[in-house]
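Chemist: If you want the building blocks of each chain, they are given just below.
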Amino acid sequence: MLSSASRPATTTPKVPVSQFLRIAEHARPSIRLIVDGQAVTALAGDTVLTALLLAGRRVRAGEFGDGPRAGLCLMGACQDCWVALADGRRVRACTTPAEDGMELVTR
Amino acid sequence: MTQPRVVIVGAGPAGIRAAEVLVHAGLGPVVIDEQPRAGGQIYRRPPPGFVRIPRALYGFDASRAQALHALFDGLLPRIDHRPDTLAWNVWAGAVHTLHDGTLRRQPFDALILAPGAMDLVVPFAGWTLPGVYTLGGAQVALKAQGCAVGRRVAFLGTGPLLTLVAHQYRKAGVEVVGLFETSDARRLRRGAWSLAADPVRLGRGIAYRARLAGRVPVRHGITPLAALGRDAVEGLRWRDSAGAEHEVACDAIAFGYGLKPETQLAELAGARFAFEPADGLWLPVADAAGRVAPRVYLAGDGAGILGARAAEHAGRRAALATLADLGLDDGAAVPPSPAAARRFRDGLRTAFPFPGHLAAGLADDVILCRCEAVTVGALRAAARETGAREINRVKALCRVGMGRCQGRVCGVAAAYVLAAACAMPVGAVGRLRAQAPVKPIPIGACRAP
Ligand code: FES
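Chains A and B, in that order, are what the protein sequence lines are. Numbering of the first sequence is given in the numbering used here, commencing with residue 8 and proceeding in unit increments. Numbering of the second sequence is given in the numbering used here, commencing with residue -7 and proceeding in unit increments.
Just chain A, same shape as in the assembly:
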């Protein structure tokens, strides 16, 4: 199953740029968010976690220098996905709907 590693790097980017992959429910209005200063597009109805992980592979930094984190349970139980808004508030990414204009800080 490691066959992709032996394929030429030009056909498959080795490291995917996003964690999640949208596979259904494409027909929704788009919204724009700012993630670490960069504009990011998402769809109305996405959670903050979905928006972040369609745009990258992290939600926040571990507080103890233990590397990036990106949630675990997606159902509001593990509390691994609390992320800062630019105004200093924190939201639980997996249970908070993404909103147009939201500014998020994952680093």
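Please keep in mind that the hints were generated in silico from the structure rather than gathered at the bench. C-beta: ideal position from N, C-alpha, C; glycine also. Incorrect hints may appear among the rest.
What the hints assert, rightly or not - Computed footprint of chain B on chain A, listed as stretches where at least three residues anywhere in the stretch have a Cβ under 8 Å from a Cβ of chain B:
#1 23 to 34
#2 38 to 49
#3 59 to 72
#4 80 to 94
Here the structure of chain A is known, so what remains is to put chain B with the ligand in place on it, guided by the hints.
Modeler: Relative to chain A, chain B with the ligand alone:
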């Protein structure tokens, strides 16, 4: 005479059925739910604007899901539904809630808790990397967000969700790089005898597994070793039953070892707990109707994992018991929990045993508590250096289970690590006590309402 105030926490199958019984008896219960829409995790409804049909979301259970959703919507005029509301404490005859930044105290004459369950996990090296998700989480991404948690997903663990979610991913067109099952073929066969109590569910499980086995590697009796990768998952390392190590490339790992009831609110409401050796878990002690404390009832997977159908029964039972205890019932007999559901659960325990030994065997440098980044070694050192033998004492020493999730995620594994470190049975090291708030509430919300 004023009506008794009955509060239901949780609007999944158990909570919805409890509300139905109470409404039919003429009451208007308060239904507190953390989710925006009723249905619970299993029959979770996607946000407005999503268009997939129920059959695509819920498979064979589509008609059940729709029936429950319709039932709840029909009850709405008669109940006080409070969605998006966290119940974070039960104290002095009231549920304490948080909604939209506002705290509220909701007194009750009777309280029905239907808080559901979450995945039961055992940590492994690298499990804090982005790309590691619970099986339940992987399913939520698919159902409620139309997303896969990765492009190439490894499925790891044991239990019915393992096969089901892997099947759902493959069907949705996502590459499943393999199904890595910690249980072995002998246990699966033995469990099948009891699982036959629900031939339809068993048949589906076998069919999904067979379909997967024809297309992706399916391995039994494996040991997970590590999620590989520097800043995110790039692979999974595992050991086969013969002891050989392997690596598989993937960008996500979905894992879990069964389900674990959410018991914190029941505990704060006064429930006692007993160790259930068959599950390796501490469960609230409830009578057949779900009574766990005076005027406090527990129903559904929150009481012990029996599944969605049994949860509907349990919700009804708890509501009937509530009516009886409030002196409002017309003598309707409380139906016993279906024997078939219990036999099915026994089958699950046999076929998919919780591999607590994996926790005991973890290396010292593996992060055990994700919230506080406490390693397995730190817990062992705390036990060794102080002689502490009780999990809450060890928590005070090394902060395991002290973070935002209150040990929901790591508590069970922590007990197995501690028990092994002191050579004691796991039931003898105790259980992490719940404290309010059961989930984080913002400091800003602490302005009194
Ligand atoms: S991912 Fe677990 S609470 Fe958000």
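Chemist: For each hint, tell me whether it holds in the structure or not.
Modeler: Structure-based check of all given hints:
Requiring three or more residues with a Cβ within less than 8 Å of a Cβ of chain B, the coverage given for the region 23 to 34 of chain A holds, as 10 such residues are present. As drawn, the region 38 to 49 of chain A meets chain B at 0 residues by the rule of a beta-carbon pair under 8 Å; below three, the given contact is violated. Coverage of the region 59 to 72 of chain A by chain B holds [criterion: at least 3 residues with CB-CB distance below 8 Å; count 8]. Against chain B, the region 80 to 94 of chain A contributes 9 residues with a C-beta closer than 8 Å to a partner C-beta. That satisfies the three-residue criterion, and the hint holds.
Of the numbered hints stated above, the single one contradicted by the structure is hint 2.
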